[in-house]
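If you read the sequences in order, they're chains H, R, S and D.
The numbers in my numbering rise by one with no breaks, and the one at position 23 of the first sequence is 23.
Each number in my numbering comes from the position in the second sequence (counting from 1) with 255 added on.
Each number in my numbering comes from the position in the third sequence (counting from 1) with 510 added on.
Each number in my numbering comes from the position in the fourth sequence (counting from 1) with 913 added on.
None of these hints come from the bench; they were simulated from the model.
Among these hints, one or two may not hold up.
Stated by the list, open to error - Quick look at which bits of chain R chain S covers, simulated, 3 or more residues with Cβ under 8 Å:
#, stretch
1, 285 to 294
2, 313 to 325
3, 346 to 354
4, 377 to 383
5, 406 to 412
6, 478 to 487
Said to hold, decoys possible - Which residues of chain D face chain S? A few of them, derived with a C-beta cut under 10 Å, are:
#, residue
7, ALA983
8, GLY984
9, SER1053
Built from N, CA and C at the ideal position, the CB exists for glycine as well.
Here is what each chain is made of, one letter per residue.
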Amino acid sequence: MKSLETHLRALRSTGRKALVPYFVAGLTPDWIQHVEAAVHAGADAVEIGIPFSDPMMDGVVIQGAALRALEAGTTLDSLCAQLLTLSTSVPLIAMTYYNIFHHYGLERSTGKLQSSGVSGAIVPDLPPEEASDWMKASASRDIANIFMVAPSTPPERLGRLARLSEGFCYASARMAVTGKSSESGQGRRVVESIRAVSDIPTYIGIGISTPNQAREACEVSDGVIVGSALVQVILNGGGADDVENFVTSFRRSID
Amino acid sequence: MKSLETHLRALRSTGRKALVPYFVAGLTPDWIQHVEAAVHAGADAVEIGIPFSDPMMDGVVIQGAALRALEAGTTLDSLCAQLLTLSTSVPLIAMTYYNIFHHYGLERSTGKLQSSGVSGAIVPDLPPEEASDWMKASASRDIANIFMVAPSTPPERLGRLARLSEGFCYASARMAVTGKSSESGQGRRVVESIRAVSDIPTYIGIGISTPNQAREACEVSDGVIVGSALVQVILNGGGADDVENFVTSFRRSID
Amino acid sequence: MLFRSERNEVSDSHTFMSAPDERGHFGDFGGRFVPEALMPACLELETAFIDAWRDPSFTTEYRQVLREFAGRPTPVTPLDRLSEQLGIRIFAKREDLAHTGSHKINNVVGQTLLTKRMGKHRVIAETGAGQHGVATATASARLGLECTVYMGEIDTERQALNVFRMELLGATVVPVTSGSRTLKDAVNEAMREWVTCVDDTHYCLGSVMGPHPFPWMVREMQSIIGIEAAQQLKDLGVENLDMVVACVGGGSNAAGVFAGFANAPTRLVGIEAAGGSAVGKGSPGVLHGMKSLLMQDEFGQIEEAYSISAGLDYPGIGPEHAYLARSGRAEYFAIGDSDVIHALQVLSLSEGIIPALETAHAVAWLLQEAGKEIPLGSTVLLNLSGRGDKDVAQVREILRGQR
Amino acid sequence: MLFRSERNEVSDSHTFMSAPDERGHFGDFGGRFVPEALMPACLELETAFIDAWRDPSFTTEYRQVLREFAGRPTPVTPLDRLSEQLGIRIFAKREDLAHTGSHKINNVVGQTLLTKRMGKHRVIAETGAGQHGVATATASARLGLECTVYMGEIDTERQALNVFRMELLGATVVPVTSGSRTLKDAVNEAMREWVTCVDDTHYCLGSVMGPHPFPWMVREMQSIIGIEAAQQLKDLGVENLDMVVACVGGGSNAAGVFAGFANAPTRLVGIEAAGGSAVGKGSPGVLHGMKSLLMQDEFGQIEEAYSISAGLDYPGIGPEHAYLARSGRAEYFAIGDSDVIHALQVLSLSEGIIPALETAHAVAWLLQEAGKEIPLGSTVLLNLSGRGDKDVAQVREILRGQR
Ligand SMILES: Cc1ncc(COP(=O)(O)O)c(C=O)c1O
Ligand SMILES: Cc1ncc(COP(=O)(O)O)c(C=O)c1O
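Produce the complete structure using the sequences and hints provided.
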């Protein structure tokens, strides 16, 4: 079992719901402080979004943030160097599109991630059918592969995804890309289907934008991922304080 | 023999070359005075252009003049009424396109022309093949039908046209529509071909714009028709005096 | 081909759309009313056409070029959704799919081959919106003929892109500044120009109009439309066609499609623009070398047509149509500008075909008359004479103006 | 149809352009790199396509619609004058004569029929210049499907008339404001949108790209080009074709024509725009659901393409082309913007065919390489993928600027 999963199972056994905020690496010069503020406010793990020019799974907020980060010169090398300066020690989970790793080289990418303290990866455009090379490369680096399950995933596939997932299984709450949403979505149903075939920790993401939605999600899931709503705070000019307040409000709501 | 031809043959027998200026009826309010001035200056007959909206055989000068005359309200009725006020008595030859007569009615047209003192007609878009109705209608009104012969007319056709022509035969000096021209054209050749088959008076027109060209033409022909160059004088604002000077210069040159 | 080796008085033989009489008359209409300077050229053309049209090596090449270059046969498309809406069964003959986007190419392919055969190396043509001009420039480029196109100055401004298209194809476009500066004057000017260059230049007239042999020759060169369609409808299992409907400017696409059904028990219907309705508002007269029906005032001055579609913006109609109208063999109706845009929208939305504004007149008549002039359950062939790509900018402006 | 009932590893069987492997791989390229939410839709589509493509009732209808509605077969035209100029024998497959003006209609006719068969009532599509968008709107109108087209905001401004054309056909055009606001981003946006509506909506992709089964399916639906052309060349007496040349954006027209000659001794040549040259300047990568050759920087960020022709303005290429390039079966060359306008002029002047700017890339390569890469006396098939009507305004501006 990869260390991320050991860690997150242990977390679950304490009864605490996992709160996983998402950051776009390199979005602002002080983005590392934002991460630290989130941890300070009670984040259990952090998703590090590695910006890609063509983020097919992302809505306008994260697209815009990724573009800004790229324009600021963010690269896999630069952001990994910055991650080394982090003063906290929660698990870091890289989230990006496959081309970033493919182009950088799979061995080289996983080595880089490991040496930067990253212990998991979400690659939304890499389905299990195409993932074997990546899984081989990540195995030797103790990087957990987190797969997403969608409301549209049929039962057979769902079993396979849940079984392949390491660290946690990502339950997508709705058929949509990242971004705000007011409806409650189908997270509950997805989580229940995963539970039926696997006991891996299961977190709900995609469209969780208010503390209320997070609380509702945690009634059934083991945690939540909060992306666009937080990125929006930073795009609006929010600093580490604002991040801390934002994460705190979610923390309170799910505890 | 129609009276126009009798008249023109008699003229030829005096050795005098015929000078036939062309006027666009209704071009100016005093166009009748222009005609009178031309006669005063030595015109032997006058072509009365009846303006038509789509003058296929005319160049820009006469097109523009016809349009102006039409805009001034000129109709077959109005111009015929004005012809009755003419104080001179040279032969008048109507020149227009077939639709004017066709639409007015052939009997009605020829009646109108005769009662206005017109004794000949040139209808450039009415070839002999289509002319039988018109020839019937004009026969009883003593209106001579003048056909044109072009440089392109082949010998068989030329014989037929020359034989059918009444009054005179119109030798087109060049393959072009009415308008100024500096080259001397093929009038000589056309006239010679007509002479070979008929003794009808033969006048050269189309592109005769200077007294010199007129003199040259009259070396072989029995007369000349002068159109666009004269119409241009009037378009330029010339009055009866200018018309008289213009015609006089041609008269001098061919006498 | 509808060529008859014996040319009969049409009315004598009681067959329609055979050859005109020796002087090019269709009943009281037609003929050859041109200045003497053009007579020899018209006679030469007549002889050359008759000779070529009888010569299998010419007709074989003509058909081969239509097939390999111009994209014939064009299909017949069942318009299922519109048929259901209207309660009549509609098929469309797809001239919009011919090279350059309309039926005009059929005629110019024939006339340019004939030009070469006559040993001439240059053509001139008139054009309104530019469809016939583009087609002529196209066929000329293919054969390496020089090409000059006369176009009313107003039209060169309205259709600047078509002017450029012709220039790309190597043609010289001459803006005509006389008269109303539109199609009618472009014809006048082309005729005037032809007088000066008949020796080496053919006048490639764009519709079934002008002096004999043009109306007959152009109809023959367009008759491929009707001949193909009659066969294609048979292949589609349509035994009895009740009606053929086509728009009419000069009348070449209508004549072409009518030719396939002239002696069948099929109603022939031509649709004019209300502002260019020579049958509806015209009277017999002589213009552009032909006797036909013309819009004219009480003194025989030709009236200016006005239509939203440049291709129907003509005060006359081909002489054979005048004859078909007067003899009762074909019927002609008019559609006003306001119905045309709607018809273009309906066909686009229901069938995925944006028709030319000209063609949209025929569509509008179907929309208006289904269940009236056209009994429910009838089977109708619509001649889809051209595509609307040339017109979308204009339609966009008009629809914007309506909002 | 090139459907093989047994899908083999292409490289094993040593036949080219058969089906990809079960996961949609052409050698090292292809596959299916999509978010989980789209996986079921891709799998459903694969099953539906395989099923339909084996079903004679489907393929019969598909071919019937291509024939009766889209104007197939398009002709093969011998380009006599250009051939003589260049000393090679050139034939053109005339996709410019297909309905809507390019090969794009072949694919959308197939995909919209498949949409109906899958019980969906709506399609979405991406478009660059608007050709695929207009084609999709057209085929959707014909079947009464709802249609939404994603188009980069910059392209909606550059191609405002095509936007209006789509609207006339009943489609909704959504301007895409993300990223470079051109084709690449329109694809991203269409994929994002598809996630939200896979249940009732089919994504009608416009080229041989995207996740499996699109590259294979679109190639199959375009293979009619090559199949027809092979037969037509035989009918014209051409026994040995030396070379097929086609322009390559995503690569659908090239794939379609190559398919007719993949296992013949014919050189297959694809021509990219120099500013969108995925083979020439790209490296393997993953984008838009496929592994292929892509233009990207040292960190795997996709570079923006730039080409004078919107249809070639794409930083990638279909995965099968990547495979054909790497295996050596096909060759790819690039042509810069400056040669394209000249080529368009040459073809217009010498043959009376104004090609699309995309197509003009292939023409430019012929002009450049006759007597070099293309030995004198060779027989070459040019895939004339589309007509230039959509481009004349742009060409006019460019030529004006040069004066
Ligand atoms: C598409 C189309 N249809 C019809 C016409 C009218 O011409 P005709 O009546 O000769 O077919 C034109 C003329 O430009 C045209 O472009
Ligand atoms: C005429 C034409 N040719 C080629 C292309 C390029 O697409 P593909 O490479 O898929 O054939 C396009 C795309 O819009 C096009 O319109």
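Now for the hints, and whether the structure bears them out:
With 0 residues carrying a beta carbon less than 8 Å from a beta carbon of chain S, the stretch 285 to 294 of chain R misses the three-residue requirement, and the given coverage is violated. For the stretch 313 to 325 of chain R, the assignment as covered by chain S holds, since 7 residues bring a beta-carbon within under 8 Å of that chain's beta-carbons and 3 suffice. Counting residues of the stretch 346 to 354 of chain R whose CB falls under 8 Å from any CB of chain S gives 3; the rule of at least 3 is met. A stretch counts as covered by a chain when three or more of its residues have a beta carbon under 8 Å from one of that chain; for the stretch 377 to 383 of chain R and chain S the count is 4, and the coverage holds.
With 5 residues bearing a CB less than 8 Å from a CB of chain S, the stretch 406 to 412 of chain R meets the requirement of three and the coverage assertion stands. Only residues whose C-beta sits within less than 8 Å of a C-beta in chain S count toward coverage, and the stretch 478 to 487 of chain R has 0 of them, not enough to reach three; the restraint is violated. At about 8 Å, the closest approach between the beta carbon of D/ALA983 and any beta carbon in chain S falls short of 10 Å, and the interface hint on this residue holds. Taking 10 Å as the C-beta cut-off, the interface hint given for D/GLY984 holds, the closest approach to chain S being about 4 Å.
Checking D/SER1053 against chain S by beta carbon gives a least distance of about 7 Å; that is within 10 Å, so the hint holds.
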